[in-house]
Structures are given as C-alpha cells and as structure tokens.
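Residue numbers (the working numbering), protein chains in the order written: chain Y, 79 to 463; chain D, 3 to 301; chain R, 529 to 804.
Hints are computed from structural coordinates only; laboratory data are not their basis.
You may find that some hints are simply not true.
[Unchecked claim] Straight-line C-alpha distance at most 25 Å; calculated BS3-like pairs for lysine-lysine:
{"hint": "1", "chain 1": "R", "residue 1": "705", "chain 2": "D", "residue 2": "193"}
{"hint": "2", "chain 1": "Y", "residue 1": "209", "chain 2": "R", "residue 2": "705"}
{"hint": "3", "chain 1": "R", "residue 1": "765", "chain 2": "Y", "residue 2": "203"}
{"hint": "4", "chain 1": "Y", "residue 1": "203", "chain 2": "R", "residue 2": "705"}
{"hint": "5", "chain 1": "Y", "residue 1": "206", "chain 2": "R", "residue 2": "705"}
{"hint": "6", "chain 1": "Y", "residue 1": "407", "chain 2": "Y", "residue 2": "392"}
{"hint": "7", "chain 1": "Y", "residue 1": "255", "chain 2": "Y", "residue 2": "129"}
{"hint": "8", "chain 1": "D", "residue 1": "37", "chain 2": "D", "residue 2": "60"}
{"hint": "9", "chain 1": "Y", "residue 1": "426", "chain 2": "Y", "residue 2": "347"}
{"hint": "10", "chain 1": "Y", "residue 1": "203", "chain 2": "Y", "residue 2": "255"}
{"hint": "11", "chain 1": "R", "residue 1": "707", "chain 2": "Y", "residue 2": "209"}
{"hint": "12", "chain 1": "Y", "residue 1": "215", "chain 2": "R", "residue 2": "707"}
{"hint": "13", "chain 1": "Y", "residue 1": "110", "chain 2": "Y", "residue 2": "129"}
{"hint": "14", "chain 1": "Y", "residue 1": "255", "chain 2": "Y", "residue 2": "130"}
{"hint": "15", "chain 1": "Y", "residue 1": "209", "chain 2": "Y", "residue 2": "255"}
{"hint": "16", "chain 1": "R", "residue 1": "707", "chain 2": "Y", "residue 2": "206"}
{"hint": "17", "chain 1": "Y", "residue 1": "130", "chain 2": "Y", "residue 2": "110"}
{"hint": "18", "chain 1": "Y", "residue 1": "206", "chain 2": "Y", "residue 2": "255"}
{"hint": "19", "chain 1": "R", "residue 1": "765", "chain 2": "Y", "residue 2": "255"}
{"hint": "20", "chain 1": "Y", "residue 1": "255", "chain 2": "Y", "residue 2": "215"}
{"hint": "21", "chain 1": "Y", "residue 1": "255", "chain 2": "R", "residue 2": "707"}
{"hint": "22", "chain 1": "Y", "residue 1": "110", "chain 2": "Y", "residue 2": "255"}
{"hint": "23", "chain 1": "R", "residue 1": "594", "chain 2": "R", "residue 2": "765"}
{"hint": "24", "chain 1": "Y", "residue 1": "230", "chain 2": "R", "residue 2": "707"}
{"hint": "25", "chain 1": "D", "residue 1": "193", "chain 2": "R", "residue 2": "534"}
{"hint": "26", "chain 1": "Y", "residue 1": "394", "chain 2": "Y", "residue 2": "343"}
{"hint": "27", "chain 1": "Y", "residue 1": "387", "chain 2": "Y", "residue 2": "347"}
[As the list claims (entries may be wrong)] Which stretches of chain Y does chain R cover? Using the computed rule of at least three CB atoms under 8 Å from a CB of chain R, they are:
{"hint": "28", "segment": "200 to 212"}
{"hint": "29", "segment": "300 to 306"}
Predicted model, so just to flag it, every value in this text is computed and none were measured.
The C-beta atom is built at its ideal place from N, Cα and C for all residues, glycine as well.
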Amino acid sequence: MNTAENHNVGKTVSANPDQILNADEEYLTIRKVSKQFGDFTAVNSVDLTIKKGEIFALLGASGCGKSTLLRMLAGFETPTSGDIILQGERINDHEPFERPINMMFQSYALFPHMTVEQNLAFGLKQDKLDKSQIAEKVTNMLNLVQMQHLRKRRPHQLSGGQQQRVALARSLIKSPKLLLLDEPMGALDKKLRARMQLEIANIIDSLGVTCVMVTHDQEEAMTMADRIAIMDAGEICQVGTPSEIYEQPNSQFTAEFIGSVNILKGAVKDDEPSYVTITSDDCETEIYIGHGITCFVGQEVAVALRPEKISISKTKPDQQYNCISGVVKDIAYFGSHSVYHVRTPSGKTISVTEMNDIRWAGDRLTWDDPVWVYWDDNASVVLTE
Amino acid sequence: MKDFQWRRFKKWWLIFPPYAWLILFFAVPFLIILKISFSEAAIAQPPYTAIFEYANEKLVINLNFGNYLWLFTDTLYLNAYLSSLKIAAISTTLCLAIGYPIAYGIARMQGSIQNLCLMLIILPSWTSFLIRIYAWMGILRNNGIINNVLISLGFVDEPIRLLNTEFAVYIGIVYTYLPFMVLPLYANLVKLDSRLLEASADLGAGPIRSFFSITLPLSRGGIIAGSMLVFIPAVGEFVIPELLGGAEILMIGKVLWGEFFGNRDWPVASAVATIMLLLLLIPIALFHRYQFRELEEKS
Amino acid sequence: MANVSKFTKIVLGFGFFFLYAPMLVLIIYSFNSSERVNIWADFSFKWYVELFRDDAIMSAVWVSLKLAFFSASAAVILGTLAALVLARAGKFTGKTVFGSLVTAPLVMPEVITGLSLLLLFVAMVNSFGWPQERGFLTIWIAHVTFCMAYVTVVVSSRLAEMDRSLEEAAMDLGANKIKTFIFITLPIILPALVSGWLLAFTLSLDDLVIASFVSGPSSTTLPMIVFSSVRLGLSPKINALATIMILTVLTAAFAAYYISSREERTRRQGELINED
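So that you can see chain Y by itself, here it is in the shape it has in the complex (with noise of 0.2 Å):
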C-alpha cells in the first residue's frame, strides 16, 4: 500500500497556518508520520503538535496504532514517512540513546539485577556524571517520589505501586525534554489506580515536564491529560481538551467511544442562524438545537445525547421539542445514580441517567413503567457526518 494514496483520509487536525505560534506552542511536532508493516498501515499520517509542559494522551483502542507512535517518538520505530521534530530539531533517524527522550514502560522494564538506587544510576552513568552528582541527582530524584526508604531494594522486592514509582523516577532523573508514559497503570489493580493518576499527574506537573501518554482508559486520560488525541485505525479522530472531546465530540465515533451516548438519526427542517429544528424517526417530537450549526435543511444528521443530560419522568414535561415516551424496560442501580433504559415506541432504547440524591424516594421509577424523557434546548450536539 502507498501512504501517498492515503494523505487525505480521515479527519487529521492540522495547525492552523495563520495563527502565530511560539517554540512553545511547537515543541513536538508530528508532521504526516506514516508507519507500515508490510502491508498493514499502523499508522495513518498523522499529524500533532504538542506544548510545552502539557501532558497529552494518545487515546484509542488496542491496535489503533497509539502504542507505534510513542516507539516512534522513542525511536524504537522508524516513521515510515513523515518527520518528528523535537525543538525544531528532526529526530526520526536519532537512534532511541540519541534522544533526549525516556519512556516509563508499561511493565515498567525495571532491570531485575540491580537495586533501585543502581536502576536510577543506570541512565546517568551513561552520560558520565561524576558519582557525586549521580547520588545527589539519585536521593533528590528518590524524595520527590518517597522511595528514599527502599533504595537498596531490587524490583521484585516491590510491591507494583512500588515499582511504578522507581520506573518513573528512572524516566525522569535525566531532565528529558519529552516524556512517554506507555499505559502508565496498566499493571495496577483499579483502586491504587485512582491514587497514581493524580499522584504521577502531580509530579510530571511540578517539574514542568512535557509528556505524552498512550492509554486505552479513557477516565486515564481525562484524569491526567491537558489534551487527548483519540486514534483510531491508524489515524487521529479528534484532539482536545477531555471536556471538548466529552461535550463536543466531532464524530459519532468520538461521542460514541468516550463515555455512553444516544444517538437520534433524522434530517435538518429548518436551519436559522439562532436555532436548527430536527425530524427524528426515533422522536415523537421535533429535536430543537438552541444554536446555529452550519448545515442544509434536508441534510442527514445525528444528534448526540449523553445519559445524563437526559431527564425522566411519569407525566409528560411541558415542553413542545425534545421529548420522547417509552416504557422502562432496564435499571442499572449504580449506589450514587441510576441508569435507566426506556424502551421507545420506535424501538429504540434510550440510555437515561439519574442521580440518587434521594434517599428510599417512594415514588422511584420500576419496570414497565411508562414514562417521558426529555432534554434542554443545549443539550445535544449535531454531528454532520
């Protein structure tokens, strides 16, 4: 397969040409860098910017060629195509201990032989540091991550938080200019989870480091990222702070991949500059969009509802748009909310959300019970393709 009959598929999010941007602004560019295996097109020409100092996460599904870019930024993968320039320096033919880059591994890739003190060491005595630097720079490094205590101990000595913390220290200790974090919580049970996003988080923060992430977990990304790239298939769908990808995803498959959603098909009806109204098979009522979208009246859209933006009730709201009937077919008790699913007269099942803010409320929503749902003038978003 040629790249260069690929160049314009997909949705790649480019610079914009006119805005003045800054080295940092720059820092790491991602110029229509294209990995093939043989035949399989890993990655897709993509093209990224990345700032100084933020943390960036390459999200996507395994195999959506998030993991190839990062080895490529590592320079365990050579680009295909395309250019990586670091600080306005091109560094595809750098060889992976040319960089100025380090990766904490997603198994961490601690060396088994040596202690913790002597897997931090290891990345500095390459450089020839004097020993006294290299212990200075070693205990600094063990305070920042409170392992002071463990140096002396080996890896497997460790517990996997443990672990973690040496492996990103060792990835750290050199000042790199750019930081890859490969699943960074992969190998941890759920609940130390939680505490290492923001416990990393907060260190990448307070040394400024600029870091880009790959992960499968979206709550990962929206936790520890500034900005999140959603990859699939090779090429980037959507990039973004994680509430613009959340509230205004550009595609079904953005909207669709991050968090749940509703999606109502129909066709544009009328299209003024203050409001877009909508005729849905899967609505009784026409779907009212409070804003002005660029589109035609006729034109095929989808309209993307979260669950909880979705309200529900027994007697039917006093509004003329956004409203469906249906009975509840599904509750899903989640302790701090409920998600309901209401089977529509269409046939379609809508997703609700509901927050339990009540405690033992008598007049609860059960099976079989019939019931309206409706929505905000501002509470979906039109996806035009």
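Position chains D and R against the provided structure of chain Y, taking the given hints into account.
Relative to the frame of chain Y, chains D and R by itself:
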C-alpha cells in the same frame, strides 16, 4: 545510506560466525558423505577412489552405485535397518509409557518439590553415559545382581541370560533416553491450565475422559518432541547394542562402525550413513517443526 | 503434593529407583576389595589407589577435562551468538535453514556426525593440507559443533522469556547496543550461559563415538579408555572411576540446588514484607 549499510553489516557480523561454523562443520560433511558413498573402496590413503578425474582436457566422473546395490543385495544391511527401526520404535513407546506419568506427576507438583524431582530426573544424564551402561552390564550378567538374587530366592536354578539380549538393549535405551522424553513432556504439561480440567469435570467428564479429551491432545507437541529426541538417536545407537546387546543383536549403528573401523570400507560406511539419514529425514523434520514453533510461541 | 495421585507417586518412585539403583550398585562395588566384581569381600580403597596409579587413565582424564573446558567455552560463545540471531535478528533470508542447522546436531545419530566430520577432515587434508594430524584439535571442532546446539537451545529459550522492553529501556536511558548487551542482556541470561556451559562440558566429557571417529593415535580421551576396558568385561578400577564421577556430579548438583532454593526463599520473604 552509509548508516544503513553499517547497520546491515553489524547484523551480518553477528550471524556470520555460528552460520559459517555450522555450514563448514555440519552441512558440508554431509555432502562429502554423499560423495564418498559413490566411490569405490581402495587400498590407498585415503581408502577410496576419486569421483572426479581431470586429464587430457576431459572431466571424468566415476559414479559408483555398487555400494548401494550391495546394501540392497546383502540382507544383513536390510535386516540391520529394520531391526534398528523396530528397536528404536519399541524403546520410544516404552519411554513414553514410563515418561508420561512421571512428567505428568512432576508437572502437578508445587514449588520446591517440583524442582527437586525435576533435578533428580535430569541428574543421571549429567553423569557419564558410558558408566551408566557399564553399571547395567554388572547388573544383568549371568553372575550379576539380578541373577544372584533370583537364585538365592530359589526362583531359578541356573542364571537366566539377560545380558546380550534384545531385552538388555531396551533397558539400556530406556535408561539412557528417559530424561529426554520426560523434559519436553514436562515443559508442555506444566503449561496446561488446570482450570481446563476443572471446566471439563464441571461439564460432566470423568478424570479418564478428561485426560483423553483435554490433557492428551494438548500435550501432543511434547509427545512429538520427546519421541523424536528418543527415536532418532536410538536408530543410530552404537554403544548400547555393542555393550548390552552382544554379537547377535543387529543394529545399523554397529554395522556402520564395523564397516568403518573393522573393514575400513569408507564408501560402504558412507552409503550406510546416507540411507540412515534418508530414513530419519521425516522424523527430523517433525522435530524441527515442533522446536521452531516452540521458539516462535515464546517470542 | 495434594493433587498428585497414588498412581503417579508409585510411577515416580519406580522411575527414580530405576534411574538410581544401578549407580548405587556401582558405588557400593567400587569399595569391594575382591578382584571378582560380583562377590563382596571387604571394604577397601584398593581400586581407588590403583586408579590413580594408572598413567593411561590419568592422562586420558587430563585430555578429556581440557577438551571439555575448551569445547564448552567455544560452544557457549558460538551458541549464544546463534541464539541471539534466532531470537533477535528478526526475519532474514535463510533463517529456517539456520534454525535447522543449529538444532539438527541435537538429534543426529553420533555415528553419522562422527563419520561425516572425519570425512571432512580427510578431504581438507587432501585439498589444502590441514589439519595435518587428527587429534585434540579435530575432536575439539567436533565437540564444539554438537555442544553448540545444546547451548543454543538453552540460551534461546531464556532469551525468549526475557522482557524485550528491558533492552529498550536501557537504550532509552542512553546505552548503545553494545553497552545494553553487556550491562543488561548478558547479566539476565547469565544463568542460561552457565547451565549451557556445564551441559556442554559434560557432553564433551562423555562423548565416545564422535571422538573415536575424529581422533588420531596421539590423543585418547577418557571415554575411549573406559570403552576399551569395559568391552573386555567388568573392571573394578572403572567402578572406582565411576564412583568419583557420579559423586562429583551429585555434590555439584545438590550444592547448586541448595544455593538456588535458598535464594528463592529469601526472595519470597522479601516479597512477603512488601504486600501493600
């Protein structure tokens, strides 16, 4: 570009020494065996005639098929091949029958006992093979331990012949090659997920049914590897039939040794080796496929 | 031991008896003072004294030990290179051929390997006059060739188990390929190199058939001496020699086992303290 070539050179450099060594000292010798099997024995140094002769601007190739014809006309060789295959096959089956339960038992053990048992299985093969065969000579002799015990207990009046029989050869082969059967079987069985057996029991299969429909099929790779590790060298075995089998037990390894050291007929010895190699080609290919798959799976 | 059935225990017991009883008999009879090896007379070290007085055996022991040392060392170097090629070089033309060449000596009947190497040496002498005399050098070449196969198998299975990201991590931290190999890969595969070396050493020490083909009149190895005296019947001196060999291996093996299981235990204890 320069960098690219340097990288290729470095890789090539790594491959070169072992590759060159194996081609020169392992692959090329087989071609020479093949070549010499087509020449004639001669009283000379070295004791065979040349195949290629170049004189008077003529290249003369003297291919002599006599050695192969000889192998097929004299029934001694045919019988030796057949008897080698038979003895190797029976010994392999015996090894499998004894080795499988041992490997299975060790694979189901825990921690340090497992390591200890494994070591006890391997340990004998670290001591001299010749010495261990020699030990059996002392046990199986007419005035050896077994006969002494049998006579003193009154089971027999005069010693039964144990040494210099086919039975002794089987004992020798099984004794020597048992660890080579147990190790690949163990390596295979230890990977077997015990939950599969639990699932099978949960679905109503008894232990015997579970063994034949779950454990046995999944350990096929280990069975093939172990069997080939026993069968192939056993076919060409020399020391065991020589020391334990006596003059009457015919095996092709002994015949080859005799042709070479006794008759000094190098061309016939080469022909014997060539045919043996052809017979073993399929078992060797089987072994390689397994060995390669193992390596690929791991990496 | 809970899920080991009675049947497997019996089979194991029988198996171990079958493996060790013959050796035990040898050891016991090596202390027998009687010339007739099957009749027990007195406990004595007589045969050990005679063994050490036998110059032919003693010089063969020395030849065999030297041979085993040099064969094992060369086999470890070549075998490790071969294992690295198989495990790390990716796909290259002739990889399957290479793989077959590496593992074929594992199963090749010894008579074939021996004969083929001898014919090679003869052909080499005829075409370019080297090696002039068969002996130590030719046996060494033969032993390296078949020992290398065992080393390759042992080392490549260790390499395959090793986490590749350890090497990547070292390079990521600034170590070039050679330093990565010396400081990371080598220490991690070292146990495999040691056991490969020991295996090659014992294989070389043990070989009779191949050495018989490729040796010359000047060099006689220990197995060749043992074989020729055993062929004539039982010999009490060989019993003594066998006892020394068996006890050496047993002691070494149990020492290694004890050390490794003690390390294992301290490691486990270390892990226990650190559950969080």
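| field | Violations among the numbered hints | value | Going through the list in order, the structure violates hints 1, 3, 19 and 29 and respects the others.
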